[in-house]
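Chains as they are written, first to last, in my numbering: chain A, 1 to 341; chain B, 1001 to 1340; chain C, 2001 to 2335; chain D, 3001 to 3512.
Check each hint, because a few of them may be wrong.
[What the hints assert, rightly or not] Only pairs whose alpha carbons sit at most 27 Å apart, straight line, appear in this in silico DSS-like list of lysine-lysine: (1) Lys1162(B) x Lys2314(C); (2) Lys2304(C) x Lys2063(C); (3) Lys2309(C) x Lys1162(B); (4) Lys2271(C) x Lys2256(C); (5) Lys2291(C) x Lys2276(C); (6) Lys1162(B) x Lys2247(C); (7) Lys2247(C) x Lys2161(C); (8) Lys2040(C) x Lys2161(C); (9) Lys2291(C) x Lys2040(C).
[Unchecked claim] Derived, one-sided and incomplete: chain D residues facing chain A with beta-carbon distance under 8 Å: (10) Phe3104; (11) Asp3106; (12) Ile3115; (13) Thr3125.
[Unchecked claim] Chain A regions said to be covered by chain C (calculated; three or more residues, Cβ under 8 Å): (14) 35 to 48; (15) 207 to 213; (16) 238 to 247.
Because the hints were derived from the structure by calculation, they are not lab data.
Being a predicted model, the structure only gives us computed values, none of them experimental.
Glycine included, C-beta positions come from ideal geometry on N, C-alpha and C.
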Amino acid sequence: MNPATVVHGRLRAGVRREPLLPVLVILLLALAASFQEFATVANFRNIAVQASPLIIAAVGMTYVIMTAGIDLSVGSMLFLAAAIESSQAIVGLPTALVFAAVCAAGALMGLLNGVAVAFTQVPALIVTLATMQVFRGAGGHITGQQNINLPANLLGIGTGSLLGVPTPVLLAVAVALAGGFVFSRTTFGRYVQAVGSSPDAAANAGLPVRSVLVGAYALAGLLAAVASLTQTARLGAVQPSIGQGYELTVITAVVLGGTTLFGGRGSIGGTVLGALVLTTVQTGLVFSGASPYIFDIVRGSVLLAAVLAAGARWRNLAHAVRLTGRRRPSRDGPYNSATSA
Amino acid sequence: MEPSAAISAATTAQPGRLARLRDRTRHVGWLADLAMLPALIVLILVLSTMTDGLLTSSNLINVLSQSAVVAIAAIGATFVILTGGIDLSTGSVIGASGVASAWIITSSGNLAAGIAVGLFTGTMIGLVVGAVVARLNVVPFAVTLAALYVVSGGTTLLSHGKTIAPVPMGFIRFSIDGPGGIPYAVWLVVLLYVIAQVVLTRTAWGRRVVHVGASIEVARISGVNVVRTGTSVYAVAGFFSAIAGLVLTSGLAGAGASMGNPLLLNIVGAVVLGGTRLSGGRGSLLRTGIGVLFLGFLSNGMSLLGLQSYDQLIVTGAFIFLAASADGLFRWRRRRAVRG
Amino acid sequence: MNRFGVARYVAAVAVASLTLAGCGSSASSDGSDAATSAKKRTIGVSFDLLNAIRQAEKASIQKAAEAAGYSVVFDVADQDAQKQASQIQDLIQTKKVDAVIVIAQDGQQIASSASLAKARKVPFLAIDRAVADQQNVTFQITGDPVADGKAVADEFLAAAKTKPLKVLELVGGLTDQNAIGRRDGFNAALAGQPNITIVSQVPTDWNPTQALDGTSNALQKDPTINAIYIPSDFLLPSVQSALTAAKKLAPIGDPKHIFMVTIDGDQNGCKAMQAKTLDADIATPVEEFGKQAIAAVTTAVGGKPVDPKTVQAKGLTLNQANFATTSSQVWGCAS
Amino acid sequence: MFEHLHHDGEPTARQPAVIAVGNVSKSFGGISAVDGVSFTVSGGEVVALVGENGAGKSTIKNIIGGTLRPDSGHVSFGGAPAVEGVGSAKHSGVATVHQETSLFPDLTVAENILIDRLRSPGRATVRAGHLRRAATPVLQRVGAGFGPEAIVRDLSAGQRQLVEIAKALAADPHAIVFDEPTASLNLVERELIMGIVEQLRADGVAVLYISHYLEEIARLSQRVVVLRDGRVVADRPTGEVDRARLESLMVGRELAQGYPPLAPPRDAKALSVLDLGDGGRVSGVSFDIAEGEIFGLAGLMGSGRTEVARAIFGLAGDIGRVEVSGRQLRRGSVRACIDAEMAFVTEDRRHEGLFLDRPIRESLSIVDLDSVCRSRRIGWLDGGSEHRLTHELASKVHLVARGGLGADGGSLSGGNQQKVAIGKWLVKRPRLIILDEPTRGIDVGAKAEIYRLLVDLARSGTSILLISSEMEEVLGLSHRVGVMHDGRLAGILDRSQATQESVIRLATGGAP
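Using the sequences provided together with the hints, build the complete structure.
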């Protein structure tokens, strides 16, 4: 095959992988057309900043979902990390040390999830449903349900900026790029996709399935902690309600980005786009002065539309497989493998 | 396959009561459904030694009436999980149907109409969710997550976030008093569990639900209308969520859009604690009932102990995980045996 | 099968012991009161949630209760109306407390708990959040959200004398009577004021993140905003960081300064007052809540009717003018 | 057919055994899977490992591959004892080509082939360019017609099998274990793979070849090791054992030779298919089946045989007309077919045939659950009549269920699972029964029983549509043979005309 066709193929593959890009663009254009204050640098800056924690957490979640897993505890990890950041134990330590400690704690929480998922037969949904409560409880234990203000030195990571670019955005970009690189360019990343794509095959090939699972969840925990650092820094204080229901928002962003809950398929880029679309919709609604409850309805509908579209894509693929003879259990939801498997 | 074995199959062909009993108990049947019971008993004993008044009749009645809402919603959740699905929208449907009925009752004063509307609302939402899951064939987690957003957002919007109250005393009484000092709500739970368990184990529909969970391909090729079964199961779940919503409304003397949202964890938790398999095909209402009681006694005991709310979270989480892992251990051994 | 059962037993026993360990600690703190409550009267307290102001309210109750020789059993419902109903049921029927003090998660839905208390002849007292159906409530003391809203409005009017105000109004949870009262009191008082225009209303759902994002979006949408009404101090940090991000957090006197008034009077508010970034704070009289509630308990258990049956304690206005003289009476500054 | 045996390349005695299995035993939960098995494979020889299902072939494979550890005995590679774990076999240059394709559908071909050495040499990263360059030559070696960057999900079964082999070759091993490499392939692809095996042997690689296809064994192997009930019952040059002997060695008793005699079909049409299509590549398929007739459907894998069956049974597409004894059938509905007393035994037993983790009873009664309901309207089940029905069905198909019908379907052997998959349709005698690969992966004993069952059904008036990749089976059992080619029915041959040659000619697009 000549390079031209290769490039073209890559392009088409790219577009097929990120159908959300045009959606986002259209959305931005529409909003810019209807509110003149919307199309300002400052506002886009705003959206970027608000999307940053979500992007950071969602990149981690993408790894987990890619292994055909799920992590419901991310919201609670966010809170527990914040609680630790504000705790007496480490107050007054040098900034870098505090951040390191919080990140380590986050990785540890994720590690706990990962070990439970990899070494017991308990479904990830249940494991993280349990740790979701455990982590929030632990956080409450540390903070005693108090509102705790953070010392100024810990706020920079959320409010500061470098060369005019807000720190959270820099962090989000760094995490997204690193996440994308690790996913496509390291054995760990390839193994993550492999394990999600076919656990049996992974076992046959002698891949370190368990370490891969543990790694994915630990990464999710680490990134939840990073998201927590930026988020709480922006809020300036740790409140007991931090991260409540956040897991659903994060999962929504990932699924919106085209990563399938069956594992093996998806992309970091899609996740980033998903997070941006969600945030843009939210901002747009504020601009239009609509009730905040409309937001729930809108994002619910967007999510449904996304999975429906994705569903169609999977079916076509599965169809191709079927025509060539051997059928395998359908991956695009069980109900219509009559026309798909 | 030596001939003697072949004969053994032939001999079992005579339908003897004994052979039937053996067949029943041979596979993981009602015996396994009770597997969580010992744990429940241990829990109650431990808690009763640590608190005073846990085992008083009034407190037992409290536990039962406090568990009523979760118990009812968990019936629907069990059916859904038996098909290998999951319903995250339960809590929001509880809110929606509660608000709908409270709204009719307060505005028109017509109790029957209110109840009817509430049940209709829940069932319809379930029907739509089921149709999307089964007919359009979208992964349940995503669909019900979307439904959770749309329904709770919509309910809050329509009720302007206000709590709809007061509902008439007769309606409230339903969850306060009843025959033998035990609230009607509790009697209702018992009745519903008996019915649901019978439907699951003794009717064709129940059998189909389990089969869709066990292997949807086998079911389809054997002539089971998997789309209809899949759709109906979510409608049924919606129906039970609606009943739960009504009971909750009566218990709280009013309905608010968000009142059901905190319940989702307990509902799914109870089903899993009971030992119904999340991937479907194995489970029962008996298990779920035990799971509900487990969580009920746990939170009651902890609040009697004066445990901080966040400590209660930790303990509950630990219990859910441990129960599930005990079940997982068992399943793992089984699979190994089969492979060998 | 056996393995199955065994595994379950192991799990159960393991965690049962875990429970023991878990509550050994807290049982000693809270549980012991209940244990020794043979002679001592016990008051059951159920809060909707815990945060800065709730902690202050809890403290004021405990202080007054100790003084009057009561012991206190304390529950938190984590913003779950049904959980609160269950907790109150346990308090009354199982722990047999002599009186119940609640901060209702929902002013309407608490009614069933009130009627239960009535049926069991247990005094039922509500603080902070009003109960819709008063017939079964022994005593109720709340802030006066409408009056507080109006008090805030007065500060705005005063400020509007010098320059016209373009106001960003944050609104609390739309399901919360207090939030609605604070909004309506404020809006009513400012209706038709030429010099003051409310350019945008941001619903926060009492959620700090929503407050933060909403504020920055609003400031973005209308850069000319020069005044903000924050209906509760615990949203203050969110607003401050939004302002910092927009480079608009400046002390009084600085032309960039944005006129801000809040309600509650917690530590954050007090600090901001000292830092002169906050213009006024309507402090909730939490001390009164505890004092009067406990007094009412004494009357009620003594079998006498409580009078007055409902009290609305207006907030205490703390502004830069009276800060020196008044701050000592504000709970947030005291601690 | 055993005349043309390859006697060249007999292993010379001095060559060291590349794979040596010494007195290996392994049991699962008390049940012994293999017991004291010993054999060797030397460089440049193909050793065939045959045996019934459950004879222990896959256990041996897994022990050699390192995914299982033997309870006793030892495995050594080129003299060096193997340590436990997948790594060991790989390091010693022993590769396995799995039967159930062990590929990652969402990864590229290159990533699959190089899955355990993705990293570019001397770098910490994975680079697409390197993967492409490394994978291309291996793909050429197996004659693959697709590129290294293709996503495996989009490949056909045959192409996937080639990827499997390429994966094994990429490590250029001294020894390769093939586990049923051709089970799901068409003739052309089989030829390709057998060519590869012969090439490997010529290159001096030691090959352990596990297969049910005795023709392949006869053609490829120099030695054949026969397993029965976990023991080695024969280990001798392939030339010395003919097919019949081999089968009897596997089963442990002489088989009734050939296939049971067919009764003549009746005149009445049972099924007539007109211009059938599945909305995919299958179209314009028309044929009739008479009552009591066995109609074989032959053709290469991927020629659309399975699709025709699924289309008739309402599982794929709804183009064309299907009439059962004159009455036209509502298309695209399984229920309609069942109501018309049709039955369908799927090729994918484990996924579509029966419930592996529900009681066997439920798999048997599912088709006609109404018949065991007290009231059809509420569907109230009657345990007694369900028990009676299921035991009747069980004995009809000579089901051997040691755990009783309450045991899980997964506890049955492959053959007995297949009996359940067939038995559930026998509540009433079906008018037409479609069987897709009814004997795939089933041991010889069970095969014979199933053949007898089919012929008896036909004699009693049931029409049978029989799809099988085993040519002999189709020829031996069918009154007439329809041959598919590239989605169309290339021709229909009477029993008299139907020979291996004539069928192949049609199947490969030649004129009748």
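Each hint, compared with the structure:
1. The hinted pair formed by Lys1162(B) and Lys2314(C) meets the criterion: a straight-line CA distance of about 25 Å does not exceed 27 Å.
2. Simply put, Lys2304(C) and Lys2063(C) have alpha-carbon atoms about 23 Å apart, close enough for the 27 Å limit, and the pair holds.
3. Straight-line distance between C-alpha atoms of Lys2309(C) and Lys1162(B) comes to about 26 Å, which keeps the hinted pair within the 27 Å bound.
4. With a C-alpha separation of about 20 Å, the suggested pair Lys2271(C) and Lys2256(C) falls inside the 27 Å cut-off, and the hint holds.
5. Between Lys2291(C) and Lys2276(C) the CA atoms are separated by roughly 32 Å; this puts the pair beyond 27 Å, and the hint is violated.
6. For the suggested pair Lys1162(B) and Lys2247(C), the alpha carbons sit about 37 Å apart, so the restraint of at most 27 Å is broken.
7. Restraint check: the Cα-Cα separation between Lys2247(C) and Lys2161(C) comes to about 26 Å, which is no more than 27 Å; the hinted pair holds.
8. As the CA atoms of Lys2040(C) and Lys2161(C) are separated by approximately 57 Å, the hinted pair breaks the 27 Å bound.
9. Taken as a hint, the Lys2291(C) and Lys2040(C) pair is honoured in the structure, with Cα atoms around 19 Å apart against an allowance of 27 Å.
10. Annotation: interface hint on Phe3104(D) holds; nearest CB of chain A at approximately 4 Å, less than 8 Å.
11. Hint on Asp3106(D) holds. Least Cβ distance to chain A is approximately 4 Å, under the 8 Å limit.
12. A least Cβ separation of about 5 Å between Ile3115(D) and chain A falls short of the 8 Å threshold, and the interface hint therefore holds.
13. Here the hint on Thr3125(D) is kept, as its CB sits about 5 Å from the closest CB of chain A, short of 8 Å.
14. Residue count for the segment 35 to 48 of chain A with a Cβ under 8 Å from a Cβ of chain C: 6. That meets the three needed, and the coverage hint holds.
15. Residues of the segment 207 to 213 of chain A lying with their CB closer than 8 Å to a CB of chain C number 0, which falls below the three-residue condition for coverage.
16. For the segment 238 to 247 of chain A, the stated coverage by chain C is satisfied: 4 residues place a CB nearer than 8 Å to a CB of that chain, which reaches the threshold of 3.
Consistency note: the structure conflicts with the earlier hints numbered 5, 6, 8, 15.
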